[in-house]
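*Asks:* This is what each chain is made of:
There are 2 protein chains.
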Amino acid sequence: MTTDSYIIRPNPDDPRLTERVTGVDQTGAHIETAVTVERALTIFLNSQEIVTAMTINDYPEYLAIGYLLNQHMLLPDDEVTGVDYDEELAVVVVRTKRKTNYEKKLKKKVQTSGCAQGTVFGDLMEALEGVELPKATLRTSWLYKLTQEINTTPSLYLEAGAIHGCVLAQEDKPLVYMEDVGRHNAVDKIAGWMFKEKVAAGDKIFYTTGRLTSEMVIKTVRMGIPILISRSGFTAWGVELARKANLTLIGRARGKRFIALAGEDRIVFDQDLAYVEEESSKHRRKAAVDD
Amino acid sequence: MTTDSYIIRPNPDDPRLTERVTGVDQTGAHIETAVTVERALTIFLNSQEIVTAMTINDYPEYLAIGYLLNQHMLLPDDEVTGVDYDEELAVVVVRTKRKTNYEKKLKKKVQTSGCAQGTVFGDLMEALEGVELPKATLRTSWLYKLTQEINTTPSLYLEAGAIHGCVLAQEDKPLVYMEDVGRHNAVDKIAGWMFKEKVAAGDKIFYTTGRLTSEMVIKTVRMGIPILISRSGFTAWGVELARKANLTLIGRARGKRFIALAGEDRIVFDQDLAYVEEESSKHRRKAAVDD
Chain U
1 MTTDSYIIRP NPDDPRLTER VTGVDQTGAH IETAVTVERA LTIFLNSQEI VTAMTINDYP
61 EYLAIGYLLN QHMLLPDDEV TGVDYDEELA VVVVRTKRKT NYEKKLKKKV QTSGCAQGTV
121 FGDLMEALEG VELPKATLRT SWLYKLTQEI NTTPSLYLEA GAIHGCVLAQ EDKPLVYMED
181 VGRHNAVDKI AGWMFKEKVA AGDKIFYTTG RLTSEMVIKT VRMGIPILIS RSGFTAWGVE
241 LARKANLTLI GRARGKRFIA LAGEDRIVFD QDLAYVEEES SKHRRKAAVD D
Chain D
1 MTTDSYIIRP NPDDPRLTER VTGVDQTGAH IETAVTVERA LTIFLNSQEI VTAMTINDYP
61 EYLAIGYLLN QHMLLPDDEV TGVDYDEELA VVVVRTKRKT NYEKKLKKKV QTSGCAQGTV
121 FGDLMEALEG VELPKATLRT SWLYKLTQEI NTTPSLYLEA GAIHGCVLAQ EDKPLVYMED
181 VGRHNAVDKI AGWMFKEKVA AGDKIFYTTG RLTSEMVIKT VRMGIPILIS RSGFTAWGVE
241 LARKANLTLI GRARGKRFIA LAGEDRIVFD QDLAYVEEES SKHRRKAAVD D
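Going down the list, the sequences are from chains U and D. Under the working numbering, think of the first position of the first sequence as 1, with each following residue one higher. Under the working numbering, think of the first position of the second sequence as 1, with each following residue one higher.
Everything labelled a hint here was simulated from the structure, so no lab data went into it. Just to be clear, a hint being listed does not mean it is correct.
Given that identical chains are not distinguished, each listed pair holds provided it fits within a single copy or across any two copies.
[As the list claims (entries may be wrong)] Calculated pairs, DMTMM-like style, for lysine to aspartate or glutamate (alpha carbon to alpha carbon, straight line, at most 20 Å):
#1 K244 with E19
#2 K104 with E277
#3 K256 with E32
#4 K104 with E49
#5 K105 with E49
#6 K135 with D203
#7 K198 with E171
#8 K256 with D203
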């Protein structure tokens, strides 16, 4: 019923996203299991090659647009005149009305613990300047409904593991659930979808399976989303930047528990915890998943 | 007793590695918790700036050497004439007898789902050519003893979470246990330690909390270690490359369970599973940890 709120959800049955492989288990018995695929996708902005990402490649267009947005190479008011994806060449080209040239930017790369995409960290830091996140509310009743629904939504994670998930939500309704082998790919695919669909960010909630690192916080703020929730932990910079940007930062959200380390004032504690279930072991994310 | 086998182990009590922060929990009560720090460290090779990594920065010298090794910028037979670390500038300079220039390489960056450090993936692929991993044995009794000891070793993960761990082991003995906010930093610190201490790789076992992606497999093979174990899952390329390189690849190693998807012939099933404990919830890694 509530799952009707999904506009995009994982498709674990898509044969292109997992592979069946054989091996042995702890008893030495032969077994067959599903593993997640990763494919190289090279992103061009107009005539310039920007990056090659490793991705499950379910939404190359959204990934390309979102990556370029989060790298400040595509600007919110840019007019995208076309996105051409060539499956055979594993290339996606984003074309803009504005002439672009990021030769310099491509030289100065800073890798972050949020890792993934050689983000130009300095530029991302600047992006925090002057960003005003809107007033917003997070009811704890929404949080528990969201996390419970996300954990039980059929996904590549539940099918094959070794994958990250991000969800764009509104109140207690998940709207877009993206997964990818690279955590930041999942974020970027959602950013690309929001840009293409011209979706407002101020009333949204962002959920990630990944850690709340500086880069994750910066990307969420850049997207204009005031609330970031993770089942994983924090880094000190992530907390510091969230406080600076007045982002509501909630981590270690598992079962009944969560911790808010920034923007606590947006939280309304309306949920009677006596009625919140702990995670079932079936749906607990059982292992470290990176990215 | 067996913990005496550690040459390097995490130091969760090091005040430079965690920060105490205050927030609220699910009941709205004010709490204090520890979060992991991340610091920028810029790595130079001779006069050339190579990369800025986000790291907990406990072993800048090992990280710098290991990073350069794993990027093929430092060669196994290179003579390192000095490693200068300036804490104030957050810069570490690795000096070699050989003249180096990686201008071109620094331009052509490929990001991977193993993410982290903008690895030059093409070059890493080449590195698999002609690599011969030695004959070796993994007794399942060693595997269970190792994972049990690693999970119960005091660590930043158990203290603050949101961090990756890698362990270099021999038979059932963990030798070097490195943690970092960036998964590949932990790998690189071990590679740097092995290079500096001239440690043989052929009789070692590598354990990681992270996923078994193509990049993780390639780095392990590059290091010359024949056995890679993770509590996390696999990607299809990781499995494919491990088979190509004849690496023993074991994933989803938690409690009694594990799955081997490559190099199974090195495994000796000598452990009576009736005597293996499941992970205690205290030591289960509870959440997605990336990066």
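*Asks:* If a hint holds in the structure, say so; if it does not, say that too.
*Replies:* Now the hints, each set against the structure:
Proximity of K244 and E19 under a CA criterion of 20 Å is satisfied inter-copy only: 17 Å between copies versus 43 Å inside one chain copy. Taking CA atoms no more than 20 Å apart as the test, K104 paired with E277 passes in neither setting, with 51 Å inside one copy and 55 Å between copies. Taking CA atoms no more than 20 Å apart as the test, K256 paired with E32 passes between copies only; the shortest distance there is 18 Å, against 35 Å inside one copy. For a Cα distance limit of 20 Å, the shortest separation of K104 from E49 qualifies both inside one copy, at 13 Å, and across copies, at 15 Å.
In this homomeric assembly, K105 and E49 come within 20 Å of each other (Cα to Cα) both inside a single copy, at 12 Å, and across copies, at 15 Å. For a Cα distance limit of 20 Å, the shortest separation of K135 from D203 inside one copy, 9 Å, qualifies, whereas the shortest one across copies, 58 Å, does not. Within a single copy, K198 and E171 get their C-alpha atoms as close as 19 Å, which meets the 20 Å cut-off; across copies the closest is 56 Å, which misses it. For a Cα distance limit of 20 Å, the shortest separation of K256 from D203 qualifies neither inside one copy, at 24 Å, nor across copies, at 45 Å.
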